[in-house]
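> All chains should be built: construct the whole structure from the sequences, respecting the hints.
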Amino acid sequence: MNEIIELLVLIILSIILIIQILILFSKNIITIVAYTFLIFLFSATIFALMGFKFLAILYLITYTGAIIILFLISIKIIQPTVYKQKLSKRFLPFLISIIFSALIFIIFKHIKLNDIITQNNNINYLTLTDIIFNKNFILVEIISLMLIAAIIGTVNYLKKEN
Amino acid sequence: MNNEGLYLFLIIIPPLIGFIINFLFSRCINNKLSSLIASLSVLLSFVFSILNTIILKKEGKSFINQTIFWWINQDFIKIPIKLYLDSLSAIMTLIVTGIGFLIHVYSISYMRKDKDFKRFFSYLNLFIFFMLLLVLSDNLIITFFGWEGVGLCSYLLIGFWYENIENSKAAKKAFIVNRIGDAFFIAAIVICYFLLSSAGIYELSYIELNRNISYLINSTILGIPSVFLITFFLFLAACGKSAQFPLYVWLPDAMAGPTPVSALIHAATMVTAGIYLIARLFVLYSYSTLIMNIIIWVSAITSLISAIIAIGQKDIKKILAYSTISQLGYMFMGLASGNYQASMFHLTTHAFFKALLFLSAGAIIHSLGGVQDIFKMGDLKNNLKNIFYITLIGSLAIIGFPYTSGYYSKDLIIEYIYLSGNKTVWFISLIVVFLTAFYMTRMFVIVFIKKNNKHIHLHHKPDKIMIFPLYILALFSLTSGYFGKNFFEFLETKKYDIDLPHLIKYAPIFFMSFGVVSSYLIYTKNLNIKLKILSNLVYNKFYVDEMYEKLIIKPLTKFAYLVFKYIDRKLIDNILIEGLGSLFISISKKTSKMENSNTHFYVTYLLLTLSAFIIFIFIKGVK
Amino acid sequence: MDLVYIFCALIFSLSLINFFKSSNILMMFISIELSLNALNIALIRTLYKTLNYDLLILFMITITIAAAEVGIGLAILITVSKIENTVDSDILNKIKEIFK
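Sequences listed follow chains A, B and C, in order. Count the first sequence with our numbering and you get residues 1 to 162, in order. Count the second sequence with our numbering and you get residues 1001 to 1623, in order. Count the third sequence with our numbering and you get residues 2001 to 2100, in order.
Simulated from the structure, these hints should not be mistaken for laboratory data. What you are looking at is a predicted structure, and each value in this text was computed from that prediction instead of being measured. We treat Cβ as the ideally placed atom computed from N, Cα and C, and that holds for glycine.
Looking from chain B toward chain C, a few residues come up when the C-beta cut is under 7 angstroms (computed): (1) 1597; (2) 1598; (3) 1599.
Now the structure itself:
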């Protein structure tokens, strides 16, 4: 059972990789946003496959429900003539990003985790609430405050400019 | 240690108060009050020193002291502000306050028309305060404090008429030359502290120095006996202050100051501080015969050279200045011949008659309206009769005319030199007697007796306030010699009478009379015995100043210029200051290009930093 | 050695390259979102393997940051594009230099 899940995860990851490459070569911004939506969807699928169904739903809600919609609306607001794709001709950033990825690659290769792969990874929701609202309550509060601040800031900013 | 003298501080306080009032509140008081305060404070101090001396002698103690307060009281060094009065310091205190008072009174008349009247008196009071501190201090450090203080006052008073650049230069010269001596003083203090602290004694008082003298005698520094080093350095310091051979050049120039200052500081009191210092540490000096030989030769040479120079001088004050140097040489010779009491005696009598001579010279200058050249004077015998007699007394005293004070004190020193066995120095001292008689007679004849073709205009005759101190000083110059025996008893020694062959005993009188007669004949009869080269040499003071200029000042100036040009300007200014600045400017100009608001660049540098961190952690090893 | 991590690294570097490729600010935002996504996958993978539930909070922080950043960033982008009529970062830089 586990092997199948692992295989499925790897297949979905490779699909995500292919979509990323597609994004790299596509020129229409709407297409890119659509690809992004796909990537988020597949990521949520991976989470679900690993047993974290709640997180998958959370992920879907935030990314596909909020962020992608936000992107789309922005694109709608900004004039379509504005966002023509243009290739950058800088090579140093590319080089550095490749080096950086290689470093991450090396690090991931060397990380050794104590594997506790259980048969059933379905989180007990009571445990989850315990983690969120007891153990890390203050942190979660800070996160939510941050989000609220961001929302208020955004609204305020747009209001002022108009 | 039950030698508490509770009233000692009263001696030094009045001049300080006088200084504070005259200096800080000069706007609140007029000239008359200012001079009154200044003179009375010194008089008060004189009275208190007499009283304290009486207490000292009456209770039969060898010394009394009083701790005013502790300046530094630590485990590793203890410096109290402590006054210490014994017979030696009592004599100095009496001289300083007594003559100081007379000169204060004299200055009231002399400085009457000066616009900086109050400043003058404040400086004089400050000088008296520092001099008393020097004399009465219990340890080397406070002595040094007073030493520096009198140097400062000397500087301030030489350059009192600072509008004239020559005066300022003379002041500067005096200060700098004195500082050379002061540096050696500091070195001596440091050596003393070093040696005594290694023996567990953290005080530098004279009592402790005398008590622990064995530590100083038995130790050496770099192979040199430390007692020699200390005494030699202190002698160099004394050379600076008391104008001995290598460092005497400042004293003739110091005559640029007002005449009362020359009388008080540069003849009677401050210049004798060096002799006082050596007399104070005489026990230490008596352990080294080498230093005694050095002192006796240096002082003999100084005395001879300055007496020769005095013959060729035109300026009346300069003649007296060189005469002072020569007399100080006598005092050092007396010290070096092993008898500090004799030189203290000469110091006292010298203080009287030299102050007298300076003050009467000041009176002459004052009444002639600032003329100092003796060849512009002449035939003052009839015009200034009282000054004539007073100067006559002073001159007789200084040349050692029989039964005046100089006769007793100087002859005593000469006899002690003879007794110490150094016959060459004895002969030099006799020649100096001859020379002293010669230049004093020359000055006296030219100023008072010789007819001058030019008409001499008298501005004003000296008034009573000016003459009064002169009478007192003249009295003491005549009579103080008789009290030699009492003086020696006061200093608790019985070495006054010496039995010598008559020929040796009366040799000084013979030399003196020979000098007087020859000088009188030459300068009244206009006998032109002139050796051109010699007179030129003498007039130019043996080119000592020029030699200093060539040998020391010029190379130093050149060196200083080089340092200025290459180290200050090039190294520090150009490279260190401006170079560093421009380096940072160029770096910041280059780095400010990173701040180009280009997101890609920002992210690039972010990634670079992150990569550096990752590499660092990876090399260190992830745990 | 877990292949998932390597995939994550690849996805991350691809999104970085995407970031550097374009000078369009909108594209940059999307790339940032994608790189954060790769990070999230790696996080969840670690959570799956170790069952250290503290990582969950980290995951939530990441999501929050992404959401907040996109919200504010897009708001700024919209106003800038309304004023300057462009979303190209290079052109915006040049305009800024003109205004200097």
